[in-house]
Structures are given as structure tokens and as C-alpha cells.
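Peer 1: Taken in sequence, the protein lines are chains A and B. So the number in the working numbering is just where the residue sits in the first sequence, counting from 1, plus 34. So the number in the working numbering is just where the residue sits in the second sequence, counting from 1, plus 82.
I should point out that these hints are in silico values taken from the structure, not numbers from a laboratory. None of these values were measured; they are calculated from a predicted model. Where a beta carbon is used, it is the ideal one built from N, C-alpha and C, also for glycine. Possibly wrong hints are sitting among the right ones.
Said to hold, decoys possible - Just so you have them, the derived chain B footprint on chain A, three or more residues with Cβ under 8 angstroms:
| no. | stretch |
| --- | --- |
| 1 | 99 to 105 |
| 2 | 156 to 162 |
| 3 | 193 to 205 |
| 4 | 208 to 216 |
| 5 | 223 to 234 |
| 6 | 322 to 328 |
Claimed, not checked - Have a look at the derived ranges for each label pair, beta carbon to beta carbon:
| no. | chain 1 | residue 1 | chain 2 | residue 2 | range |
| --- | --- | --- | --- | --- | --- |
| 7 | A | Phe85 | B | Asp392 | 22 to 30 angstroms |
| 8 | A | Ala303 | B | Val288 | 30 to 38 angstroms |
| 9 | A | Gly141 | B | Gly176 | 52 to 60 angstroms |
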Amino acid sequence: MSLLTLGPVLFNWAPERLRDFYFRIADEAEVDTVCVGEVVCSKRTPFFAPFLPEVIDRLAAAGKEVVLSSLALIMTERELEQARDLAQAEGWLIEANDMSVAAMLAGRPFAVGPLVNVYNEGTLGYLEGLGATRVALPAELTAEVIGIIAGAATAEIEVQAFGRLPLAVSARCYAARARNLSKDGCQYVCADDPDGMTVDTLDHEAFLAVNGTQTMSWHYMNLAADLARLEGLGVRRFRLWPQNVDMVAVAQVFRAVSAGAMEPAAADARLAALCPDAEFANGYLHGREGHLFVDD
Amino acid sequence: MTEAARPELVCPAGTPAALKSAVDAGADCVYVGFRDETNARNFPGLNFNRKELAGGIAYAHANGAKLLVAINTFPRAGRPELWHRAVDDAAELGADALILADVGLLDYAARRHPEARLHLSVQAAASNPAAIAFYAERFGVKRVVLPRVLTVQEIAALNRRIRPVETEVFVFGGLCVMAEGRCSLSSYVTGQSPNVNGVCSPAAHVRYVESPEGIASQLGGFTINRFGRNEPAGYPTLCKGRFIAGGKASYLFEEPTSLNTLNILPELIAAGVTAFKIEGRQRGRAYVAAVVRAFRQGVDAVLAGRGVPDIDLDAITEGGRQTTGAYERAWR
């Protein structure tokens, strides 16, 4: 049976709501690891900071492994200072989402997040040499590539298995731009889109989702039917991205499939019921367009 | 402020003819790629074989210019040989620098070819001093091509922090609005990405669909933009399309536009940038020659204290529109 990681919440949820989300995860969710920390926009960081210690304590007391995730795009001196403070945190596994943070963590065990480019065994081996003990792979890899990387790994290999895929990061904020605001004067409007802002084509076809400076897939990744195959390739962990749905129930589905207690078809049906507004995709795994769902 | 050195003009060439045009128009350096998926402009009919590279190096050197080779995609797992051979051949043929993005490939190049000069590709998106120090200390990277996310002020501050590592910035051409090398939008829609295949929004996945109202430009079956019957239909580059968000249709990510920094060259020079890069290995020799001449004239005029010359590049910018992109804070 593989392990489940709840990825960091990528959206700008109100601090109290985020705290209560994590409390419920601590109390009820069948996940092994929970990542916390702001990954997308440093302007959001101060709001949740006062709640973070009690959330970490609660998760740890519930027996969850807590991982502290870093910012993905680090540009300013202040962001770099925050990353340095994070890298000095004792007693927790840190997830580097930018190469600069991996560099800061060199020489001690650390995790590599899916926003760091690990496309092959050469880069994997180098990061393992620095101390990486866990590596979450980028979204656009095929099952064949995942298998080659997992086969060469000493680190635990993690694959993104549920939720909107982080596809791009930018210096520009599209949540602000969509409302004719600049990033500096953003009024934190990304908080209006707790599951991302839907981006349609001019044909009114759902296309992408915007989460501030981050662009995500509109489709939810769903690899429930592929867990066994990926486990067979040496994947040790699956990442569930928190969405604006019942994540405790979602985690239960993935746990049950991984334990062999639920058939993939039943899992897909259950996930569809839990995420009534979502469409699922698994195309990358099959070497196809990321938005497709391939039945095999 | 430190005294500004003379920045190098780093110019694109997708063919030997474009290379000659760039050198003849005043390029200090020309950058090229091999004719395969090891480089981020892997387009049909473009790029250099080994013999052409040797000829290009000879021509550049005979005319006082340098030749840089971009091997800046991320090697495919299980078959790194194609990328290793590209590094070996470029180094052995006497390229003046290799432009790399992948950590594993940088490690290979640094171990096998310790004498080779390594530049960090924009595809590595090293956006802060700590990331740059990592590549400089671990692999001996001498120059970093900065991702298009930083303002001129931030670049100036960065340069003060990372010396003697040099920076190279884009001054003209196509404009990524996402942090380079950290964008999978193209593969989400087409299955092909810059990082893996060396292509973004590839032409094989483009369709123009006509209707009585006009033309829809599509990528991977998704409508990226629409044009009236009398409008020219632009190429559907994914992040330069029109989309609907919050009930409003707009160029949500970026307008169809080209980066043009001619007017801020004095600020970029004062920021301590070592090299100015022109995008466009996929462009023809006439385009390359026109842009290189304009920037040669611009850089030389600014350094001579004559100010920025008035050069009209409208004819060769995308949709006739220009931007200074992330270099100005308001862009964000």
C-alpha cells in the first residue's frame, strides 16, 4: 500500500477556514503526510502565519507527518529571507519548490516539490546527493518516464494523483488583471476563487483555472484507476491537491483503492459524486494532452 | 552606481544563413541549437547539424564573434545519450559556451568538460541570488539568462549580489509571460511542451476554422482567439489568446505583443547586465539582421552618450504591438 500526501492548499482561503480545514484533516483524514505553507504568493503569507503553529501541532498530535512547503517563485529579498527562515526550521521535513530552497537544504534530508524540474534520473540523482529523500514529480511526465525515474530512485517518488494541476507560475497576477487591478494593488481578490477562477475559451468551453499568479488545469487530475500500475513502477506516494470539495472523503477513496478495498470504477464514480462540478483528466500519464481522460 | 561595461549583443540563428546575417549586422555572440529535441526551438527545418555548427563557429570566430550552443530542454529519462552527445560535440567543436537548464545535464557537462564555459538557460528560471549561487558554485556557471519575471530595479539589485556571475536578459522578441521552464500549458493542450519536446504551441496542433463571422484560431482543438473577416488571424500562442474570465473576454495573460526594450536600454546598461539577448531562432535572416542592426546601433549610441536612437521596429513586432514586459513593475 502506498502513502498519501495532502499537498499544500494552493488557494487563498480565509485563515479561519484554512485552520478549520486542517483541524478536520487532522481529526478525520486518512492521509499520512500533510504539507502546509504558502506556495503561490508571498503577499498571502502573513494572514495564515498566526494560525500555523497550532495547525502544525494539531496535525502532528494526530499522527500526521507535517511537511513545510516553500514558495515556488522567489524574486524579492523578503521572499528569500522567508525561505531562509523556513530552511532553518528544525524538526520538520521541508519541501523545496524552488531550486534555491533545495540549495539551502543541501546536506540534510529534504523533500523536492512538484514545481522543481525533475525530468530524469540524472537530476534525481544529483538532488539525492544533496539530501533529497522524497521527490514529487512534475505533472507532465508519462507513466514510462515515471517508471524509469522511480526505478533509479533511492528517494521516495511521489506522483500527483488528484486535483487541479499547477501548470505555470508567473510574476504577473491574473486574478488581479482580470479585475483591472495590478498585483501591487490586488485587494487580495484571489480569495474570491476558493477553487480557482474558471477560464473559458471564447466558445465557452472550460479551459484553465487561475489562482492568482498561478495557472492551473481546469480539469482535476484523477489517477485513482492508475494507482496499482504506478505502485508497480515503484511509486511510493500519491499527492492529493486540496480542492474546494470534501477532501476527507476524497482521501478515503484513494486510501481504499490503494488498500485494494475499492475497485477503480467505483472510485471514479465516488469521486465524480464528490466533485460534481469537475471533469477528470489523466492524459499526461498516457503521453497525451494533459486535459484528456484516457480509458485503458 | 558602477561604471557600465559594454554589454554583449547575443543574437539568434536558426540557420547558417541567419548566423552570417547576425554576425554581419554586428552581433557579439550568436546562439544556435542542434537539429533535434535537445533545444527549445525544435522546429522543422530549423537548427544546425554538426558540420553546420563547425562552419558557424569558424565564421563567427573569423569575424570576432562568439558562438553559443543552447542545449536547454530537460533530457528524457532513460535516454540521456542524445543530450550528452550534444554537450560533447558542442564542447569538442569549440563552442564558446553551452547554454543548459537541467541540473543533471549541468552536472554531466561540468564533470566531462571542465574547461567548457557554461551558461544557465532561461529555462532554469533562476530568479534569485540563492538559486544563481547554487548553479555557479556547483557547476561553475559563469552567466545566467534571467527569467522574464524581474523588474530592472530587481535586476540591478541582483547583479550587485551575484558578481562575478554575469547576467543576460532578453531585450527583444517573443515574450514568455510565465516563468520559463515552469510552464506546462502547451502540453496540457497539445501533449508537447517546451521542457520535453522543445516546442510551445506547436504548429502541427494549430487550426484556423472559418465561419461566416470570421476565423477562429485553435490550438489542440481549443479556440485561442477569434478574428473578424477583415482582420489578419494571429498565431494561437496559448498565453497570448483571448479567454473569458468573470464573464468578460480579454487577453487574460498577455496581448499578442513583442518585447522591445530599445527605450530602456540606458536603464538596463546601468543595471549592470553583461549581455542582451534577442529572441527568435525561428525567424528569417532579414528579421534577424534588422533587429541586430537596431540594437547594435542602440547600444553603441547609449554607450557613446548619445541617448537612444529613434528606430521603428513596428513592422517586425507581433501585431505591431510592443511591451517592456516584466521590466516595469506595473506589468505585474
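Peer 1: It remains to establish, for every hint, whether it holds in the given structure.
Peer 2: Going down the list of hints, with the structure as the test:
1. Here's how the stretch 99 to 105 of chain A fares: 0 of its residues keep a CB closer than 8 angstroms to some CB of chain B, so the rule of at least three is not met and the hint is violated.
2. For the stretch 156 to 162 of chain A, the stated coverage by chain B holds: 6 residues have a C-beta nearer than 8 angstroms to a C-beta of that chain, and at least 3 were required.
3. Counting residues of the stretch 193 to 205 of chain A whose CB falls under 8 angstroms from any CB of chain B gives 6; the rule of at least 3 is met.
4. With 5 residues bearing a CB less than 8 angstroms from a CB of chain B, the stretch 208 to 216 of chain A meets the requirement of three and the coverage assertion stands.
5. Closer than 8 angstroms: that is the beta-carbon criterion, and the stretch 223 to 234 of chain A has 4 residues meeting it against chain B, so the requirement of 3 holds.
6. Under a criterion of three residues with beta carbons nearer than 8 angstroms to beta carbons of chain B, the stated coverage of the stretch 322 to 328 of chain A is upheld, 4 such residues being counted.
7. At about 56 angstroms, the beta-carbon gap between Phe85/A and Asp392/B misses the expected band of 22 to 30 angstroms.
8. In this structure, Ala303/A and Val288/B meet the distance hint of 30 to 38 angstroms, their C-beta atoms being roughly 37 angstroms apart.
9. For the pair Gly141/A and Gly176/B, the beta carbons lie near 37 angstroms from each other, so the given range of 52 to 60 angstroms is not met.
The structure is inconsistent with the numbered hints 1, 7, 9, although it conforms to all the rest.
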